[in-house]
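**Student:** The lines below spell out each chain.
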Amino acid sequence: MFDWMMPIQLDFSHALLVQMLVGGLVFGSIVALIALGLNIIFGVMNVINIGHGEFVMFGAFGSLSLYQIFGIHPIISLFLLAPLFFVVGILLHYLLIDRIIEKSDSQEEIELISLLVTLGLFLFLNNLGRAIWGTETRSYSVAPLDTTVSIGGANITYGRIFAVMFSIAALVVLFLFMTRTEYGSAMRATVQNKNLASSRGVNTNRIYFVALGLSTVLAGFAGGILGMIFPFTVNLGFEYLIFAFLAVILGGMGDFIGSLLGAYILGISGQVGTFFFGTEFQNLFIFIMVALVLAVKPNGILGGSSL
Amino acid sequence: MSTLGAIRSKLDTTAIKDQYAIVAILVGLVFFMLVQYIVNQYIVSVFFGIMLTITLASSWNLFSGYTGYLSFGHVGFFGIGAYSVGVLAMNVDFNIYIMVLAGGALGMILSLPLILVTIRLSGVYFAIMMFAFAEIMLEMAVTLDDITGGTSGMVLSISPSQETIYLLMAILTGFTVLVSLLASRSSFGLALKAIRDDEEVVGSVGINSTKFKAITLSLSALIQGLAGGIAAAYWIFISPNSVFSTFLSIDMIMAAILGGIGTVFGPVVGAIVLVLVRSETQASYPYIFGILFGLLLMIIVLTIPEGIIAYVKDAVERFSAE
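The listed protein sequences derive, respectively, from chains A and B.
Numbering (my numbering) for the first sequence: 24 to 330.
Numbering (my numbering) for the second sequence: 38 to 359.
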């Protein structure tokens, strides 16, 4: 008698649900790493880095090359490459970002000029990657990561589980760094108000260096993880950068918790979109969703508040 | 002086008298139209590339250069125009030249919902949404393979006369530069530049900045769509990676920056320099070109953000003063 109350019959099983959930978590975790990197430098110095995705690409190809040349396991490469990425970030600030900040006299100008300058950085790094590694699709699978394990009827590779665990661990460490250390507090203070922070004795210039270093390390991590579980090309960084940007503006620019939230919302809604409309409309679904959210809240879900 | 401030002050000094500007545009147009009957096929294709880049850079500059809202997604409009013509040509049997124009216009109509949503966003959000828009459109062209032919692209089944398509492009290029000139010399363009300088003040004196931005972005999208349609008919073969390429986006932005962002003739000069340099180097050194132009883009924005024209003009003035 309550026919209309019956749930719509969908081809839905536990296995599919677990598969979707893990898919969403993997995507969300990796995007969260990239998005947080973007948001740290936006929050700290209002710089938008279009070249950021290229560090993801260098992370993936760096691990691949270390594996092919020296046989180093990609999980170890993650830690081997991290200091290198930190140094690259510091160099990037010294050579480029610092000059952008010096040239501009308002926050809006830093945003505009950094968009244009880092477009050049993108062109430079992307073509550097092409010149070194070529344009073919690459993939490699390493012993424990490609084994599958059955969870709730779904077959999940260890690689995916590791991707989620590692990303969450990195995010937790970052959270502890931001909330429990003096550097972290100084960085959050700089996000909230640069002038007040520096008048209270925070060396904002040093904060800038650390922020860029952290941001490139996070991108390198994301790239290393992506390379372990998905096939990739030199366009990898750019493709993920778009989603990281969408996650950042969905959560609100300059809001760290917002980016996390945004990344996981994108991950899960991508799976929902695939379920209802098919893979080909997955990303269109994500894009329209973000556009609709911004139509209602132009500064993102958590826009206006800060960590 | 701040960078944007420097750009603004240069703008006023680079103004050329209206009648000279119009004569220059017409002479250029006639030159481009007639040159195809003199030179060989390869050079004609380079000239087509120059006109295409001038059109794209000028129409990008019409919106982003004048209002200060940077769009990294104009290539999305271009690609939609190209694919509209491709799909129309496959399915409808009609005069190809009218179809090229209709397809281009369709590109803008399809983009209207996006324009209406993004136009209210602030600068960074707008830039990112447009960026994502182009990338999503590229992906749609790949995945909707029963309409678009997927990654392998589509070959337009008709073969229109290349000379006529070339002339269409020349007319569109002339039209775009003229619109750009009119916009820079009218109260409409003044409003756009005021939006770039201070949007809040513009709103407070009773100018509806959203309306001005929406009209300009739609016009810019229309030109991009038409250019896409004409380019598709000229190339005959289109693929997602050729008409939605990020590098096409970078080309138009780069041409505008090289010549002088927010000026009428800056994008024209920038496009000519860019295409000529590239047609000579890219075939033999594909990645070196990208690496060098990436470096060049960073250096130009940080050192001479007002572009080549103003820089040369400065140098000439300094030289003649001595």
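There may be inaccurate statements among the hints.
Claimed, not checked - Straight-line C-alpha distance at most 30 Å; calculated BS3-like pairs for lysine-lysine:
#1 248(B) - 350(B)
#2 320(A) - 230(B)
#3 126(A) - 350(B)
Claimed, not checked - If the Cβ cut is set under 7 Å, some of the chain A residues that face chain B in the computed set are:
#4 124
#5 125
#6 140
#7 143
#8 150
#9 153
#10 154
#11 158
#12 268
#13 272
#14 303
#15 321
What the hints assert, rightly or not - Ranges of calculated distance between the beta carbons of each label pair, as one might list FRET restraints:
#16 82(B) - 157(A): 19 to 29 Å
#17 127(B) - 254(A): 25 to 35 Å
#18 352(B) - 93(A): 17 to 27 Å
#19 205(A) - 332(B): 36 to 46 Å
#20 107(A) - 223(B): 23 to 33 Å
#21 184(B) - 157(A): 28 to 38 Å
#22 165(A) - 278(B): 25 to 35 Å
#23 317(B) - 110(A): 32 to 42 Å
#24 110(A) - 222(B): 30 to 40 Å
#25 93(A) - 77(B): 51 to 61 Å
Everything labelled a hint here was simulated from the structure, so no lab data went into it.
Glycine included, every Cβ here is placed at the ideal spot set by N, Cα and C.
**Student:** Report holds or violated for the interface hint on residue 153(A), using the least CB-CB distance to chain B and a cut-off of 7 Å.
**Tutor:** Interface hint status for residue 153(A): holds (5 Å vs cutoff 7 Å).
**Student:** Checking hints one by one. Is residue 143(A) an interface residue toward chain B, by the C-beta closer than 7 Å rule?
**Tutor:** Holds: closest Cβ of chain B sits about 3 Å from residue 143(A), inside 7 Å.
**Student:** Taking the beta carbons of residue 127(B) and residue 254(A), is their distance inside 25 to 35 Å?
**Tutor:** 32 Å, holds
**Student:** Is 30 to 40 Å a correct range for the gap between the Cβ atoms of residue 110(A) and residue 222(B)?
**Tutor:** This hint is violated: roughly 51 Å between Cβ atoms.
**Student:** Verify the interface restraint on residue 140(A): the C-beta must sit less than 7 Å from at least one C-beta of chain B.
**Tutor:** 5 Å, holds
**Student:** Per the hint of 17 to 27 Å, is the separation of the Cβ atoms of residue 352(B) and residue 93(A) within bounds?
**Tutor:** 52 Å, violated
**Student:** Could you check the hint for me, namely that residue 107(A) and residue 223(B) are 23 to 33 Å apart, CB to CB?
**Tutor:** Roughly 54 Å apart at Cβ, these two residues miss the hinted range, so it is violated.
**Student:** Hint validation: residue 158(A) versus chain B, beta carbon distance must be below 7 Å. Holds or violated?
**Tutor:** Status violated, d = 10 Å.
**Student:** Note whether the CB distance of residue 82(B) and residue 157(A) lies within 19 to 29 Å or breaks it.
**Tutor:** 27 Å, holds
**Student:** Please verify that hint: residue 154(A), Cβ, nearest Cβ of chain B, below 7 Å or not.
**Tutor:** 4 Å, holds
**Student:** Classify the hint on residue 272(A) as holds or violated, based on whether any CB of chain B lies nearer than 7 Å to its CB.
**Tutor:** 5 Å, holds
**Student:** Under 7 Å, Cβ to Cβ, is where residue 150(A) needs to be relative to chain B, so tell me if that hint holds or is violated.
**Tutor:** 3 Å, holds
Violation of the numbered hints given earlier is confined to hints 1, 4, 5, 11, 18, 20, 24; the remaining hints are satisfied by the structure.
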